[in-house]
Amino acid sequence: MTLPPAAWHAIEAFIVLNALLVLVAYVTLLERKFAARMQSRIGPYYVGRPHGWLQPIADALKLMMKEDIVPTASDRWVYNLAPIVFLLPCLLIFATIPFAPDLGVADLNIGVLFFLAVSSLEIVGLFMGGWGSNNKYALLSAMRAVNQIISYDLPFIFAALVPVLLAGSMQMSAIVAAQQGLWFVAYPVVGQLAFLAFLVATLAAENRVPFDILEAESELVAGFRVEYSGMKFALIQLGEYAHMLGTSFLGALLFLGGWLGPGPAALGPVWFLTKAILIFLVVTWVRWSFVRIRVDQILAISWKLLLPATLALLLATGLVVAMRGPGGA
Amino acid sequence: MTLETVGFWVVATVLLASSLAVVLTPNLFHAVLYLAAALVATAGVFLLLEQPFLFAVQLLLYAGGVVTIVVFAIMLTERLVGERIAQTSRHVVNGAIVAAAVFVGIVGFLIGAPLGAPRPAGTVDTTAAIGRALVGPFAVTLELLGVLLVVALLGALYFARSEE
Numbered sequence: 001m002t003l004p005p006a007a008w009h010a011i012e013a014f015i016v017l018n019a020l021l022v023l024v025a026y027v028t029l030l031e032r033k034f035a036a037r038m039q040s041r042i043g044p045y046y047v048g049r050p051h052g053w054l055q056p057i058a059d060a061l062k063l064m065m066k067e068d069i070v071p072t073a074s075d076r077w078v079y080n081l082a083p084i085v086f087l088l089p090c091l092l093i094f095a096t097i098p099f100a101p102d103l104g105v106a107d108l109n110i111g112v113l114f115f116l117a118v119s120s121l122e123i124v125g126l127f128m129g130g131w132g133s134n135n136k137y138a139l140l141s142a143m144r145a146v147n148q149i150i151s152y153d154l155p156f157i158f159a160a161l162v163p164v165l166l167a168g169s170m171q172m173s174a175i176v177a178a179q180q181g182l183w184f185v186a187y188p189v190v191g192q193l194a195f196l197a198f199l200v201a202t203l204a205a206e207n208r209v210p211f212d213i214l215e216a217e218s219e220l221v222a223g224f225r226v227e228y229s230g231m232k233f234a235l236i237q238l239g240e241y242a243h244m245l246g247t248s249f250l251g252a253l254l255f256l257g258g259w260l261g262p263g264p265a266a267l268g269p270v271w272f273l274t275k276a277i278l279i280f281l282v283v284t285w286v287r288w289s290f291v292r293i294r295v296d297q298i299l300a301i302s303w304k305l306l307l308p309a310t311l312a313l314l315l316a317t318g319l320v321v322a323m324r325g326p327g328g329a
Numbered sequence: 330m331t332l333e334t335v336g337f338w339v340v341a342t343v344l345l346a347s348s349l350a351v352v353l354t355p356n357l358f359h360a361v362l363y364l365a366a367a368l369v370a371t372a373g374v375f376l377l378l379e380q381p382f383l384f385a386v387q388l389l390l391y392a393g394g395v396v397t398i399v400v401f402a403i404m405l406t407e408r409l410v411g412e413r414i415a416q417t418s419r420h421v422v423n424g425a426i427v428a429a430a431v432f433v434g435i436v437g438f439l440i441g442a443p444l445g446a447p448r449p450a451g452t453v454d455t456t457a458a459i460g461r462a463l464v465g466p467f468a469v470t471l472e473l474l475g476v477l478l479v480v481a482l483l484g485a486l487y488f489a490r491s492e493e
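Protein chains in written order, with this note's numbering: chain S, 1 to 329; chain U, 330 to 493.
There's no promise every hint is true.
[Unchecked claim] From the derived model, a few chain S residues whose C-beta atoms are all more than 12 angstroms from chain U: (1) L17; (2) L23; (3) P44; (4) F127; (5) V282; (6) V286; (7) W288.
[Said to hold, decoys possible] Chain U regions said to be covered by chain S (calculated; three or more residues, Cβ under 8 angstroms): (8) 334-341; (9) 394-404; (10) 471-480.
No lab work stands behind these hints: they were computed from the structure.
Nothing here was measured: the structure is a model prediction, and the numbers come from that model.
Note that CB positions come from ideal geometry on N, CA and C, so glycine has one too.
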């Protein structure tokens with residue numbers, strides 16, 4: 001039986017998507033357990049004893065059965081579409097991530113650019129939700145989000161471009177192949193600085209503490225998703241965690257050598273997942289350790305420090321590459 | 330019909346409908362959302378032409394960047410003015426006439442033009458070709474654009490500076 005290539009792609013995408021959704025669900029459990037440990041708590045425990053293994057499933061069921069509330073004063077179409085528009089780019093970013101050599105939906109030759117371009121669309125769903133809710137907290141949150149995204153998109157892109165320059169390719173698999181000898185995080189000076197900038201910009205792009213002014217539960221309740229309930233709320237949460245996971249995968253791929261690691265090649269996906277989870281845990285660790293900073297501080301960090309620094313870093317990387325020639329480390 | 334033809338008609342319909350909606354809707358915020366849809370559909374056109382680089386850049390700069398800035402502008406001005414600003418088109422009829430004239434002109438040109446050879450299959454890596462062109466024959470143009478953007482940035486700074 002032979003299927004047309006388009007059908008194969010569809011099947012692959014279906015499998016990746018579902019594996020991803022399960023992974024995202026369990027990543028939330030991981031975060032809750034991790035946060036609980038940091039605060040000397042136990043965390044989810046009773047659903048699926050002894051360690052709350054069934055908690056994500058229970059959460060999903062609960063959210064699906066909750067009442068769907070649409071505020072009367074909302075902009076109905078915009079309000080209802082926003083969670084989907086928000087979720088779509090968050091899932092699409094996984095399209096170009098290869099989980100091992102030749103194991104992924106599409107290994108485009110512009111892989112990194114595709115990831116950056118699609119993830120920049122996330123903001124559209126975000127301000128649709130913030131505006132459509134017709135709620136001043138949601139609107140304030142959307143304004144802060146737009147503000148923050150304008151400020152942190154560029155440093156994020158510049159930091160992600162450093163490995164691209166070092167590898168001389170935007171193709172994800174080629175970037176991993178270029179790290180055969182030396183992971184880019186270990187590349188003298190530029191590697192570490194770029195990784196650091198990438199992590200900070202990641203925190204901001206994912207709206208995590210200390211950059212979570214748009215969520216700010218103590219002042220804005222829950223930000224742009226304050227009016228959402230039930231499945232729509234679940235979609236937004238899903239999108240947020242999928243984005244976080246996707247960025248962790250990107251970081252593992254750009255800086256930590258992707259699926260490279262000791263042992264047989266079949267262990268590749270395991271290594272890749274381990275590294276991505278490691279980055280996710282670092283982000284979580286920061287989230288539960290720091291306090292939220294002010295809007296002006298966030299903007300100052302971006303425009304006065306991160307943007308010039310990453311720009312200089314990109315120039316320096318260009319110089320390094322020009323001196324040693326393109327290709328791997 | 331091939332998949333490509335179907336894709337073209339879908340993208341073209343979305344593009345046309347959302348572009349019309351941008352200028353016809355009275356709600357300014359909806360206009361921006363339709364603009365985002367139109368820009369994404371334009372990216373879809375690039376994808377159908379097998380230009381993944383242009384597709385990604387279109388999404389990154391226009392759908393992601395320009396739309397965000399426009400939304401920012403609307404949110405800020407509405408807060409300053411304190412009321413919803415409605416979009417009004419005073420010259421719908423004149424605009425329609427001009428648009429129709431341009432459409433007829435383009436169609437006339439296309440009918441008169443000889444049908445070229447079918448598009449060659451994607452043999453060259455256009456991404457690399459675009460990159461080489463930008464730093465090769467078009468390097469001066471690129472630099473001039475950079476200067477233009479710096480001037481625009483300085484102008485914005487001049488207007489935004491606080492009165493001492």
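The hints, checked one at a time:
Distance to chain U confirms L17(S) as a non-interface residue, since its nearest Cβ pair spans about 20 angstroms, more than 12 angstroms. At roughly 25 angstroms, the least C-beta separation between L23(S) and chain U is larger than 12 angstroms, which holds for a residue marked as non-interface. No beta-carbon of chain U is positioned within 12 angstroms of the beta-carbon of P44(S); the least distance is around 36 angstroms. Not every C-beta of chain U lies more than 12 angstroms from that of F127(S), the closest at about 5 angstroms, which undercuts listing it as non-interface.
With a closest Cβ-Cβ approach of about 26 angstroms to chain U, V282(S) is found to remain outside the 12 angstroms limit, as its non-interface label requires. Taking the minimum C-beta to C-beta distance to chain U, about 25 angstroms, the non-interface status of V286(S) holds against the 12 angstroms cut. With 12 angstroms as the threshold on Cβ separation, the claim that W288(S) sits away from chain U holds: the shortest Cβ distance comes to roughly 29 angstroms. Counting residues of the region 334-341 of chain U whose beta carbon lies closer than 8 angstroms to any beta carbon of chain S gives 0, which falls below the threshold of three, so the coverage claim is violated.
Interface restraint, the region 394-404 of chain U with chain S: holds (7 residues with C-beta to C-beta distance below 8 angstroms; minimum three). Interface restraint, the region 471-480 of chain U with chain S: violated (0 residues with C-beta to C-beta distance below 8 angstroms; minimum three).
Hint compliance for this structure: hints 4, 8 and 10 are broken, all remaining hints hold.
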